[in-house]
Every structure is written in structure tokens, then in C-alpha cells.
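Protein chains: 2
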Amino acid sequence: MVGKVPLDILKKYIFTRIGVRDPDVIIGPKYGEDSAIINLDDKVLVVHVDPITGAIEWLGWLAVHIASNDIAVTGAKPRWLLDVLYLPENAPEDLIDKLTSQIDEAAKEIGAMIVGGHSEYTPGLRRPIISMTAMGVVPRNKYVTTAGVNPGDVIIMTKTAAIEGTAILATDFREILLEKGVGEDIIRKASRFMKMVSVVKEALKLAELGVHAMHDPTEGGILGGLAEMAYASEVLIEVWEDKIPIAEETKILCEALNIDPLKLISSGVLLAALPKDKVEEALNELRRLGIRAEVIGLASKGKGVILHRTSGEKEVVEEYVPDELFRLWKELEIKHD
Amino acid sequence: MVGKVPLDILKKYIFTRIGVRDPDVIIGPKYGEDSAIINLDDKVLVVHVDPITGAIEWLGWLAVHIASNDIAVTGAKPRWLLDVLYLPENAPEDLIDKLTSQIDEAAKEIGAMIVGGHSEYTPGLRRPIISMTAMGVVPRNKYVTTAGVNPGDVIIMTKTAAIEGTAILATDFREILLEKGVGEDIIRKASRFMKMVSVVKEALKLAELGVHAMHDPTEGGILGGLAEMAYASEVLIEVWEDKIPIAEETKILCEALNIDPLKLISSGVLLAALPKDKVEEALNELRRLGIRAEVIGLASKGKGVILHRTSGEKEVVEEYVPDELFRLWKELEIKHD
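First to last, the protein sequences are chains A and B.
Per this note's numbering, the very first residue in the first sequence carries number 22; after that it's consecutive.
Per this note's numbering, the very first residue in the second sequence carries number 22; after that it's consecutive.
Keep in mind that the hints were calculated from the coordinates and are not lab data.
Accuracy of the hints is not assured; some may be wrong.
Where chains are identical, the list cannot tell them apart; a pair therefore holds if satisfied intra-copy or between any two copies.
Taking lysine to any residue pairs in the SDA-like style, the calculated list, with each CA pair at most 25 Å apart, reads [as the list claims (entries may be wrong)]:
id : residue 1 : residue 2
1  : Lys-98    : Arg-195
2  : Lys-222   : Glu-306
3  : Lys-226   : Lys-324
4  : Lys-324   : Arg-308
5  : Lys-222   : Ile-197
6  : Lys-201   : Arg-148
7  : Lys-32    : Glu-229
8  : Lys-163   : Leu-61
All figures in this text were calculated on a predicted structure; none of them were measured in a lab.
Same shape as in the complex, but just chain A:
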């Protein structure tokens, strides 16, 4: 097994073993909520930690953005970061130079500061790993959660499906894509999708406008993210495939590799639930920031996610959506055996 630990294991061993229950913890370990929210009287502290283990080329830069996204979707500006750098034994100084340059650059892009951390050479490690903790504060009555979707809310998304996944496919499966006849220029453009991975700007703008819920879909893609919102909020979310924007490059790569772009890792996309009367303003404000945003669905009483496929079929989305990337890795492994 690689990737996230499955939900049943999380429920059995992780969400229940949390030491002493602290009454100041507003949101603790919980399905679908990625950040902890802690009461500090007039404000709340939002904190999140994320590991980055793949993606060598952009490792330091990505670690900052991925962890910061989860702070921003609560309406808090990501301000303070702590990183742990696990380096392979005898890692060259160059590698440290590269990682910390990227971390510094990404932190500057979002206006955050590295306040602490740890770096070490880890025996047996072949590739560097980064753990990034991100923090921010927000007024007590202003924080946003994944679980805030109300029946009647409109679901919007920013950018296009599988932003991060498109870049990963272009990098990790380059040779296979070329073999399958995908052009060099498409692959090059796709690999640049990583640059769109931050949702901080749009999340803070939507928080300001009084959004009901926000979520940063990662593994499991748009559908995984919507499932997390629907189950956390105990509502039914219906989405329409033909309304979900997918970039041309994403379509080409996903078709070549036979994977569903709606189930492919999607950092860079922001999912949000808004009351109907705020949708127009929100879309306009986001466009003013240069960020594409579209209405893709509606919430109503019920539970779960229904995807209306363009073909006319209705697809019930499971609570846990395995990412297409892991399926792809496994298939390739089997072929190699």
C-alpha cells in the first residue's frame, strides 16, 4: 500500500486515540476536516500538517503551498510555518540549498514566515521528505469548515479539475505519454500546471464574502473532495460532469492513460458552498483576481454525492474515493513484474 491510510484504519486507530479531550479544541481529528481549529478566546488558531514525499523537483515549494492551502480554506491567512526536512544520508549541500530556496520563495509568494523546524540526515532514506506545519489565526466568528454546507447552497469550483494531477502525470509518466503519441508541447504545458497549486488568494477572498464551506480537494480529486464535504456536512451534493471545467491538457493526458480526471489529485482547485444570493458576486470577485470559477452543483437535504455524467448516467460517489494516480502506479508495477 502507498498513500493515505484508509478510512477504516483512521477511524479505528487514529481518530479515537487523541489523548485528553480539550474543550478549547473546536475541530479536532475528523473525516473531511484537514485543519484543527482551536479556541483562543476572541480568535481561533488554525493549524495543519502535511507530508510531501514525492515530487522531488518542486518538493520545497510544494510543501509550503500544500500545507498553507488547508489553512486558507478555513478563512485564516497562512502566516507561520514549521518544516522538518528529512534528508538522505550524505545528501549534497546542493539539495538543502534547493529545498530551502524553494521554501523561502513559496513562503514569500503567500506572505508567510518560517518560524521553526528541524533538518536531519535520516539513515536509509533514499529521497528527501518534508513535513510542513502551517498556522494562522482568524476571528472567532469567521472561520469556515468543510462541514458548513447547507441544503440549498450552490457548489462552485475554481480553476480546472486535477490541476496537481495533470502536472504529476506530465512529470512521472512522460515516457509513457510520449509512447502513446502525446505531443512534447502538451506535456510541457501540463507540467506547468503545478504553478497553479495555491488556493490561498481565492480562499481568503471567498471567506471575506461569507462563504458557507470550503475545501481543498487533494487525493481522490474533485469527487473525493465533494464526498468529504457532503459527508462532513451531512447533505446531498449533486454535480454535473459537463459543468466541471477540465483543461485541454488534462483531458489529453487522462485519455492517454485511461484515467478519470474527476478522481485525480486536485490541489489547486478550491471547492466552495455559497448561499444562492452570493454566487454572482463571488464569481465576479474571483474573476477580478484572474481566477476562473464555475458553478458545478447544488446541495440539498440527504447525504452523499451524485454525479450526473454527461452520458446521462447517475453515478453515486463513495465516501472514500481512491485516487486514480495510485491505481495507475499499481497497474504499471504489475506490468513491470
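Starting from the structure of chain A, add chain B where the hints point.
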């Protein structure tokens, strides 16, 4: 290279690349200060992250205590924890069960809550790794730093030198110790030293009494910890070897392996600087908690650390003290080649 990244690399690539300088950050990345301290108006937030990569047997339990110690030495109660569990591919469910049981147990021991985290199977990993982030808050005018030592202060320490190191030697070098004629019962007793690794109780008590500075010596042992205090505070610290308590088991193990217990990893020991008139009360209060504490040195104007060896020699301690454990590992590696 294994272990901590050396100071020159930290200064060149880590301490300087911190994104945007935030005026609310009171203590950021800095030599000798292990926790970040962040202004939240009437209080400050204290946050620290630590990786645990060795010590399989106690991994989960240790991760909580080691990270929490750094919060407590600032005078803040460690209250909120976030963990990242990196599991070897195909790690058995048993391993997760064991790690999370230990984390839960240790968090309960100090009264803290796990508020979030992440767990994943990491391709290529052979042993689990944990990153633990710990947090707490303390009133704005009450926080304690490593850098607060004043000339004239008395330096005290709790427990005995190399608590953690003694337990590691007993576990990792068991066979060699037996070969060298160290008795089974000594090794067994030494391995239990790990149980004393938390300094939360004593640190919070000393903070209450108005200590000037506290520090949790880890790699580099007591001398490494004192160097961090002296250089961060810009004072001279003189210590006397014959005043530093060393447990009988520690002496036996260190002699057998030919290492200096004063330079051996010492989590579990608390170093503190107090004004002279508070020393008696502090020692009494700690003893009331069942914690041994002794005066080991004095601070004065100057910079650095001087160790008065029992032999009469004066030893100038370097700013960076390499841990004896790493030397030992390297020597054994060479012998094995």
C-alpha cells in the same frame, strides 16, 4: 552523515530563508531556541516540531514527549499535538495500532490532545518515522527562553546526565555491552531510563517560580545544552563535573563503551538558570514533585562554556557539541566494514 544538520549549514540555508519576516513572531528560527514564540496580543503561542526516526520500540510514546518538552521549557503547557506517521509500504495494522496506542498514552500522561495529523504509507521507507508538532499558549509576560540567562544566575539541572542516551545505549548496544561484561540487570535498569524522558512537570513548576531561562538538552548532551544556553544568552557558563549527577547505570554503560556521559543525548534532563535567591525554593519544590535537582554551575559576564573537570583540568566547550552516540555509531560501522 546522520543526525542533525551542522550549524554552518543551518546558518547558510535555513535560518536565513524564512519567507516574509512577520513582526508578530517574537522568536523565530534561531540557534539554541527550539520553539517558535508568536504574539497573539494578551498571550503568546508556542510551537515546536520534532522528528523521531530511531527508537522503534517507543517511537509513538517518545514522539509526544520529546516534542512536548520543548513547549514546556517555555513555560507553556503542551496542549495540542499534530502527528505525521510515515509508515513503511505494507506496514501491518499492528504497527499502526502500537504507534497510536503509545501516542494516546503519552498524550494522556501530559494532559495533551492530538488535534490533527496525517498518516501515510511511504514508498521505500523501511522503518516508521513520526513528525510531531506540539503547541501551547502562555500569558504574554510569562514565557521563558533559552536566551534568558543573566550573569549571576545559578545553573541547575534535574535528574541525571544522559537519561535518554543511557536507555538508547542499553537497547541499541546490548550485545556489545554484554560482551564487555556489563550485567543483564544493569542493562535492564538502564533501558528503563526512557520512562524519565518528560520534563513537562518540572519545567512548568520552575516557570511558575520565575526561572530566567530553561533548556531541554538533547543531542550533544548536558554540555551541548549548556553551550546552546550560553551562546543564545551571550553569557559565560561555568560548570563543575563533580556536581553533575550521573546515575550508576549511566557510568557503567559509558565506561564500557568509552564515551563521555556529558556529551550523550539527554532528553529527560532540564537545565535552568535562576536568580540566586530563588534556588533553594526551586530545589525544594522539585524535590516535592519527586524530581532530583542539583546546582551544577554559575553564569557570569562573557561567552561560552567552561567545564571544570574533576581532574582539575578546565575544558572549553565548543558552540556545537557532536553527540557521542553518532561517534559510537560511526566507529562501529568502520569496524563492521
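Right, here's what the structure says about each hint:
{"no.": "1", "hint": "Lys-98 / Arg-195", "result": "neither (36 Å within a copy, 50 Å between copies)"}
{"no.": "2", "hint": "Lys-222 / Glu-306", "result": "within (11 Å within a copy, 52 Å between copies)"}
{"no.": "3", "hint": "Lys-226 / Lys-324", "result": "neither (28 Å within a copy, 50 Å between copies)"}
{"no.": "4", "hint": "Lys-324 / Arg-308", "result": "neither (31 Å within a copy, 58 Å between copies)"}
{"no.": "5", "hint": "Lys-222 / Ile-197", "result": "neither (35 Å within a copy, 58 Å between copies)"}
{"no.": "6", "hint": "Lys-201 / Arg-148", "result": "neither (29 Å within a copy, 38 Å between copies)"}
{"no.": "7", "hint": "Lys-32 / Glu-229", "result": "neither (33 Å within a copy, 39 Å between copies)"}
{"no.": "8", "hint": "Lys-163 / Leu-61", "result": "both (13 Å within a copy, 17 Å between copies)"}
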